[in-house]
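Asker: Sequence:
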Amino acid sequence: KLNLRHLISFFLLFSFISSFRKLHKFILSKIEEIFNENKVPIIVGGTGLYLSVLMNGISPIPDVSAEIREKVRQMSQKEVLDRLKKGKVPRDIQRQKRALEILLETGKPIDYFQNLPKKKVIEADFKTIVLLPKREKLYACIENRLIQMLKKNIVEEVQNLLNSSATGGVMKAIGVKEITDFIAKKCD
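When you number the sequence shown by our numbering, it's gap-free, plus one each residue, and the end is 223.
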């Protein structure tokens, strides 16, 4: 018997989780809960980053104080780039701000921590299954999924997301930008 209760409708919950580390801890707690029930967790989807961290571990990047995080969040991209003189500079503003937070907290650039050995977060044997449907079938499924999402008020869901304090990864979810543009009447 399949139990689909874990992480269903996770999209909305994700909008309230402020960092990858918190999201990761939440997912690990769900995996542990499933193991404790003597069941095998099946992890479906996700990005390469999330799956890689689960299977290979995570860089030991330290936590940042709330004061530093708030200070950096108030900075413009130019201010952030002016302060990021050590180490490699990430390409997008969210990662640039994270790099500056780490630099201000530790005095070391973020790539210092990224180059340290990864910390294993779960001891498990992973089996990877990759599904590669034919392109035509995939496109038909995507189109059908979009129609279903529109029928289920995805536009309203994105509007609620825009009205909330959601930031970060959830705002980069597939379709959010396009639906945001639709709401703003930038496209049909």
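Incorrect hints may appear among the rest.
Think about it this way: if two alpha-carbon atoms lie no more than 25 angstroms apart in a straight line, the pair counts; the simulated BS3-like pairs of lysine-lysine are [as the list claims (entries may be wrong)]:
hint, residue 1, residue 2
1, Lys207, Lys186
2, Lys186, Lys65
3, Lys154, Lys172
4, Lys220, Lys186
5, Lys155, Lys169
6, Lys172, Lys57
7, Lys187, Lys155
8, Lys186, Lys172
9, Lys172, Lys155
10, Lys60, Lys132
11, Lys155, Lys120
12, Lys74, Lys155
13, Lys186, Lys162
14, Lys120, Lys57
15, Lys57, Lys143
16, Lys132, Lys162
17, Lys113, Lys207
18, Lys123, Lys154
19, Lys113, Lys143
20, Lys153, Lys123
Just so you know, these hints were derived from the structure itself, not from any lab.
Asker: Give a verdict on every hint.
Answerer: Going down the list of hints, with the structure as the test:
| no. | hint | verdict |
| --- | --- | --- |
| 1 | Lys207 with Lys186 | holds (22 angstroms) |
| 2 | Lys186 with Lys65 | violated (30 angstroms) |
| 3 | Lys154 with Lys172 | violated (39 angstroms) |
| 4 | Lys220 with Lys186 | holds (19 angstroms) |
| 5 | Lys155 with Lys169 | violated (35 angstroms) |
| 6 | Lys172 with Lys57 | violated (36 angstroms) |
| 7 | Lys187 with Lys155 | violated (39 angstroms) |
| 8 | Lys186 with Lys172 | holds (21 angstroms) |
| 9 | Lys172 with Lys155 | violated (37 angstroms) |
| 10 | Lys60 with Lys132 | holds (22 angstroms) |
| 11 | Lys155 with Lys120 | violated (30 angstroms) |
| 12 | Lys74 with Lys155 | holds (21 angstroms) |
| 13 | Lys186 with Lys162 | violated (35 angstroms) |
| 14 | Lys120 with Lys57 | violated (28 angstroms) |
| 15 | Lys57 with Lys143 | holds (22 angstroms) |
| 16 | Lys132 with Lys162 | violated (35 angstroms) |
| 17 | Lys113 with Lys207 | holds (22 angstroms) |
| 18 | Lys123 with Lys154 | holds (22 angstroms) |
| 19 | Lys113 with Lys143 | holds (20 angstroms) |
| 20 | Lys153 with Lys123 | holds (19 angstroms) |
The structure fails to meet hints 2, 3, 5, 6, 7, 9, 11, 13, 14 and 16 from the earlier list, while all remaining hints are met.
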